Amino acid sequence: MRYAYFPGCKIPHHLPEYGASVHTVCTALGIELVPVEFACCGWPIRHENPMASIYSAVRNFAVAAKAGLPIVTPCKCCFGNLRYAQSRMASDARLAAAVGNLLGREGLAVPAHTEVHHLLTVLDKDVGASRLREMTRTPLSGLRVACHYGCHALRPGNVTEFDDPLAPSVFERVLSATGAQTLDWDLRVECCGHPLRGRDDAISDALMRKKLENARDAGADVVATACTYCQMQFGQERSRLSQPALPQAVLFTRLLEAALGLAPLPDSWAL
Amino acid sequence: MSTFSILLALVCAICIAGLIRRYARHRARLFAPPGKTRAESAQTAHNPPPGLAGRMGRAARSAARSLAAAVTDVLLLWRTARTSPYRWLAHTLILSGFTGLLVFHALDDIISYPYIAGYESTLDPWQWLRNLFGAMVLCGAGLAVLRRLRTPALRRLSRVQDWLLLAAVAGIVGSGFALEAVKIISPHVFTRMTDEYFLPQDETELAALRAYWSTVNGVIFTPPASTDPALLEQGAQLNENNCVYCHAETASAFVSRALATAVSPAAAPLNNARADQLLWYLHVGLALLALACMPYGKFLHPIATPLNLVARQGSRNAAGPADIPADIPTDTPPDIPTKAPAAATASPPSPVSPPSPSGAQRRLGLEACTRCGECSLHCSVAPAYTVVGNPNILPSEKLLSLRRYTEGSLLPAATDAFAEGSRICTECLRCTDICPSGINLQDLWLASKSSLKKEELDGPNTTIRQCSAAQWANVLGAQGKSRFEQEKGDGLADRAESFWGCVQCTTCTSVCPVVAVCEAPAKDLDLMPQQIMNLLRMGLKDEALGVRMVWSCTTCYKCQEHCPQDVPVADILFELRQIATERFKERRLTSCPLPAVSPVRIPPVDGGTGPTGPTMATTSTAATVATAATVTNPGTALEPNTAPAAHTGTSDPSTGTPA
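From first to last, the protein sequence lines stand for chains V and P. full-length UniProt numbering puts the first residue of the first sequence at 1, with every later residue one more than the last. full-length UniProt numbering puts the first residue of the second sequence at 1, with every later residue one more than the last.
If you are wondering where the hints come from, they were derived from the structure by calculation, not from laboratory data. Because the structure is a prediction, the values reported are computed rather than measured. The beta-carbon is built from N, C-alpha and C at its ideal position, and this holds for glycine as well. Incorrect hints may appear among the rest.
[Claimed, not checked] Pairwise CB distance ranges, derived in the manner of DEER restraints:
#1 Ala109(V) <-> Glu497(P): 27 to 35 Å
#2 Ala109(V) <-> Thr72(P): 36 to 44 Å
#3 Glu32(V) <-> Ile110(P): 54 to 62 Å
#4 Glu519(P) <-> Met135(V): 26 to 34 Å
#5 Glu407(P) <-> Glu17(V): 35 to 43 Å
#6 Gln479(P) <-> Glu17(V): 29 to 37 Å
#7 Thr72(P) <-> Glu32(V): 48 to 56 Å
#8 Glu115(V) <-> Ile20(P): 55 to 63 Å
#9 Gly501(P) <-> Glu115(V): 29 to 37 Å
#10 Glu32(V) <-> Val503(P): 46 to 54 Å
#11 Pro593(P) <-> Asp92(V): 33 to 41 Å
Just chain V, with the same shape it has in the complex (with noise of 0.2 Å):
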């Protein structure tokens, strides 16, 4: 299992821990990460310039193409973007041919097919929940976890292909080989908010109250993300917020960790 470590451009400064818990995990589960030099996925430029976009996100596809090796993603919204990049180039040959045009300057060519995951999905299908369990040195049992899905790999379902957009379940499966108890809750294919933020904080910040208030509600612990954008809205951002009593937001990689013995547990997490 060797993908093309795909980390995206929030997690070096943003949010290292992220990376660092992804590269724990990943090799404690035998999946190798390669390091990659890849550019922007293209999604944070998606608002105003889309051949921008789709660029950025097909040059990389070159990139790994290059290396042979099939991309992983920790990041829902740098999967999304380059899941869209390739629905709009077999869909637009105007598209593509430009696009090839500009790859074809930097000695680049757009390759025929180019693997895209996100790393919920490699941990299980390549993984898997059995062996998940199998390796479950510390379960969290007790534990009441609400999955927060992250809307750019699940919508458009016929563009990303990640799960059911509707009733997804994946995140639930690879969450409920540890131990823990993952519930259904109304909002958990809601949107986090970070999209607005810095263009509408207001609106940002009612998205993120509304979904930790319904999380709470359903019972949560904590709140489980997937997304380097997710966890930043609900992590760093939530200081905005004057209630404290929501549950706190932890990164899948970060739940696994512990449930793997890789660290140790936090008392935070009221197990």
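Given the coordinates of chain V, assemble chain P onto it according to the supplied hints.
Same frame as chain V, but now just chain P:
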């Protein structure tokens, strides 16, 4: 006092004045002074300052780190070697060669003569070393030129100052070699030396010495010196007795001697023209010129970059070398409500926020760039530069603009380009990690972004909120399609078939999480998603460009996923933002050209008195948009369920609760 000393003093004065001017140009007003953030102040209050022993220990650790950085980062150029061994070789050759020349040759009056016993510039090993150092510099400069020419991305980025510095370095060393070569062949120089230091006993002695120096050391006399073996024998003896105390054989000046041989066919005209004197003026003139240029552009880097590297103490991230984790307990600071910075988080996994670098550190960083281009060659958003073409997207170029921005000398158009580059940067830390000069670029970008945001220059999302959708409909509608739209052809929003299926069922609106969290959606968002679709269906695209809903869309794609008729709602909203951005860019609009709407919404006074304007804008925006639509397209009959429907109960989003 010689002319040279006067010139040198003058050039030094120019250099120092330039340095002071360069340092004083930064205006703190524009570049947010670092100062302590509230979280840091709280932290300090929370943790009493360490005692004397603690402070001394910290100072000792800090000094050790600075020393380590001076060795590894400055002398060994370890940072450069990490990313580009080729550039490391080129720069090591230049750095060590030039330092050798500077210390032993240029400053020989101050260093070599007083401190090295028996030093003489024309004795070995010094003569040989000088040629070696010079050859290293020329090789390094050649490699550097090749690097810039061979990498297309770097060639595009190279500016005049990049070539100028390389030319200056190669010019100083090259003219030095040329000077030494013409001195070797010059009979004038020979005569000057013998007049001063040689007392011939008889006529044949001078001829003998000439013969010897001509054959062995390459002096070219007109007419040529004798090659009689007996005379040569005598010359060798005389050389042994008189010259060798100060002169090694010129063969050890291996570059200059080879050059002398190469130019020997032109020896007569060169000697007649006193090329030795001309080249001395050229060599010294170039060196003085380079010294005078020191305060400008990257000519400063031999001073600023080592200082910056030592100040950064080997750090490769934005946090800097502060030993926070060791000294300050990592308990979380008390929760600070309101606008606490992102770093001051209350969640345990995040590290304690590092102190912001001081203003002096930031200024040093701004000046320390060598324009090696490594950051831009590895920049995460370089593909965006390929498409957009704004050099400010790349860190090395953005830094130039940032310097002018802090000085307050950036023109409006350049400021827009700088703002666009800053906006596109994803803060991925790669440039900071890579920078061979150790510049804390991440901190500079974060600081300049927040400064741009304060000035409301952070992009279309801010601009669009400066006036109402109706005002934007007027402004952007009058402008017409941008070049981008014309080239791209009809987009989703232009094509009737995108909306053929739309039955105005309001599913998109009822699943929208943004609509759901708004207390008064019609006021906060202007129009609901399904109303925007209806507006577009009628061809009123310009009227939709400034609608709040378009700009406050969180891109969660629920609308599109749930649409029973497969209308690509979210993709269309994306497209509207892209179109507005392009139109802004084309017209260089960074603020609303019309008088802004008063933030306090006044109830409609006299609705429908005329076209949109400040009076109209104070009325409910949704109604204004509808009126604007009527005004702009008098022929279009507004259907009952278009814009004004925001006031009726049919699409009241409060009733449409999300799943």
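To see whether the hints hold, each was checked on the structure:
no. : hint                                : result
1   : Ala109(V) <-> Glu497(P): 27 to 35 Å : holds (33 Å)
2   : Ala109(V) <-> Thr72(P): 36 to 44 Å  : holds (40 Å)
3   : Glu32(V) <-> Ile110(P): 54 to 62 Å  : holds (58 Å)
4   : Glu519(P) <-> Met135(V): 26 to 34 Å : violated (48 Å)
5   : Glu407(P) <-> Glu17(V): 35 to 43 Å  : holds (38 Å)
6   : Gln479(P) <-> Glu17(V): 29 to 37 Å  : violated (47 Å)
7   : Thr72(P) <-> Glu32(V): 48 to 56 Å   : violated (31 Å)
8   : Glu115(V) <-> Ile20(P): 55 to 63 Å  : holds (59 Å)
9   : Gly501(P) <-> Glu115(V): 29 to 37 Å : holds (33 Å)
10  : Glu32(V) <-> Val503(P): 46 to 54 Å  : holds (51 Å)
11  : Pro593(P) <-> Asp92(V): 33 to 41 Å  : holds (35 Å)
Hint check: violations occur at hints 4, 6 and 7; the rest are consistent with the structure.
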